[in-house]
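Colleague: In case you want the letters, here they are:
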Amino acid sequence: MQADPSIAIAKQIEENLKRVYQASLTEPVPDRFVQLLAQLRDKESKS
Amino acid sequence: MTDDPRDGLAAEIPSLRAFAMSLTRNHAAADDLVQDTIVKAWTNFDKFTLGTNLRAWLFTILRNTFFSGRRKVRREVPDPDGIHAASLSVLPQHDAKLAFNEFLVAFNKLTAEHREVLILVGANGYSYEEAAQMIGVATGTAKSRANRARTRLCELMGMAGPTGNPTLADAQSLAVVSQSGLAVV
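Residue numbers (my numbering), protein chains in the order written: chain A, 1 to 47; chain B, 1 to 185.
Calculated from the structure, these hints are not laboratory results.
One or more hints might be untrue.
Said to hold, decoys possible - Cβ-Cβ distance ranges computed for the label pairs, FRET-style:
1) B:Glu113 - A:Lys11: 16 to 26 Å
2) B:Asn44 - A:Pro30: 19 to 29 Å
3) A:Ser45 - B:Glu155: 52 to 62 Å
4) A:Arg41 - B:Thr151: 41 to 51 Å
5) B:Gly140 - A:Asp31: 42 to 52 Å
6) A:Ala38 - B:Asn147: 35 to 45 Å
7) B:Asp3 - A:Lys11: 37 to 47 Å
8) A:Ala38 - B:Gly69: 18 to 28 Å
9) B:Gly69 - A:Arg32: 13 to 23 Å
Unchecked claim - Which chain B residues face chain A? A few, computed with CB under 7 Å, are given here:
10) Ala10
11) Ala18
12) Phe103
13) Ile119
14) Ala123
For each residue, glycine too, the CB sits at the ideal point set by N, CA and C.
Put together the whole structure using the sequences plus the hints.
Modeller: Below is the structure:
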C-alpha cells in the first residue's frame, strides 16, 4: 500500500513550521520586556 | 501580596515573540510589536475574561496591531537573522540544513496573512475555529487560506502542492529535516 505523498507533505510542512516557531520560543527574554512590565506596575502604583 | 492576573503576562512573552517573529520576519520589528502588545494588554486588561485563553487573547491583540500598522507603513524587510539563527542550529546532515533553509526562504516569501494562519494552526495547534476567531474571519475562510498557504509554500520550494501531484521524492526532501531528529537550537 503506497503512502499518500500529499498527506506526508502537509505533515512535513507542519513540522517545519513548528521548528520556525520553536526557534524564537527558546531565545532568552530580552531585558526590555522585564523592564517594561516593571515600569507598567510602577506607574500604576503611583497613580 | 495581591494575586494580580496580569502576572501571567511575563510567561507569555516567549510565545508572543515567536508569533511576532513569524509575522514580521524581523527581530527588531517583532520585539517592537510585542512591546506595543504588552502595553495594550496591560491597559486593557479589564476586557480580558478571566479563565479564558490568555495567549489567544494576547495573540489577537498582537496580530491586530501588526496588520493595522501595516496599513499605515509599507515596510516589510525580511530579516536575514531569521535564516542565520536557523543555520546556527546543529544539523549533522548538510542536506537537512539546506532543506530547512530552503523552507525558511520560501516561508519568508509568503504573505504575512499566509504565515499567520500556518503558524497558528500548524505550529501552535489552534483549531481552524480558534484561528479564525483570532484572525477575524469565518472558519471556512481560515481553512481555505491555510490550504492556499501550504500550496504556495510548495510552489515556492519548486514542488507540487499538497493538492497537486506531489511525488514521494517531494515528501522525502521535506522529511530530511525531521529525520535528523534534533531539536532546533
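Colleague: Quick check on a hinted range of 19 to 29 Å for Asn44 (chain B) and Pro30 (chain A), using CB atoms only.
Modeller: 23 Å, holds
Colleague: Kindly confirm whether 42 to 52 Å is satisfied by the beta carbon distance between Gly140 (chain B) and Asp31 (chain A).
Modeller: The hinted range 42 to 52 Å holds for Gly140 (chain B) and Asp31 (chain A), with Cβ atoms some 43 Å apart.
Colleague: Honestly, do Ser45 (chain A) and Glu155 (chain B) meet the 52 to 62 Å range at C-beta?
Modeller: Once the Cβ atoms are compared, 54 Å apart, the range 52 to 62 Å for Glu155 (chain B) and Ser45 (chain A) holds.
Colleague: Kindly confirm whether 35 to 45 Å is satisfied by the beta carbon distance between Ala38 (chain A) and Asn147 (chain B).
Modeller: Hint holds: Cβ distance 44 Å, inside 35 to 45 Å.
Colleague: Given the hint of 18 to 28 Å, is the C-beta distance from Ala38 (chain A) to Gly69 (chain B) inside that range or not?
Modeller: 25 Å, holds
Colleague: Between the beta carbons of Arg41 (chain A) and Thr151 (chain B), is the distance compatible with 41 to 51 Å?
Modeller: 46 Å, holds
Colleague: Taking the Cβ atom of Glu113 (chain B) and the Cβ atom of Lys11 (chain A), is their distance within the range 16 to 26 Å?
Modeller: Check passed, 23 Å falls within 16 to 26 Å.
Colleague: Min Cβ distance, Phe103 (chain B) to chain A: is it shorter than 7 Å?
Modeller: 5 Å, holds
Colleague: Regarding Asp3 (chain B) and Lys11 (chain A), is the given constraint of 37 to 47 Å on their beta-carbon distance met?
Modeller: 42 Å, holds
Colleague: Does the closest beta carbon of chain A sit nearer than 7 Å to the beta carbon of Ala18 (chain B)?
Modeller: At about 4 Å, which falls below the 7 Å cut-off, the nearest Cβ of chain A leaves the hint on Ala18 (chain B) intact, so it holds.
Colleague: Identify whether the interface hint at Ile119 (chain B) stands, where standing means a beta carbon of chain A within less than 7 Å of its own.
Modeller: Holds, about 6 Å.
Colleague: How about Ala123 (chain B): closest beta carbon in chain A under 7 Å, or not?
Modeller: Hint on Ala123 (chain B): holds, closest Cβ of chain A at ~4 Å, below 7 Å.
Checked against the numbered hints above, the structure breaks none of them.
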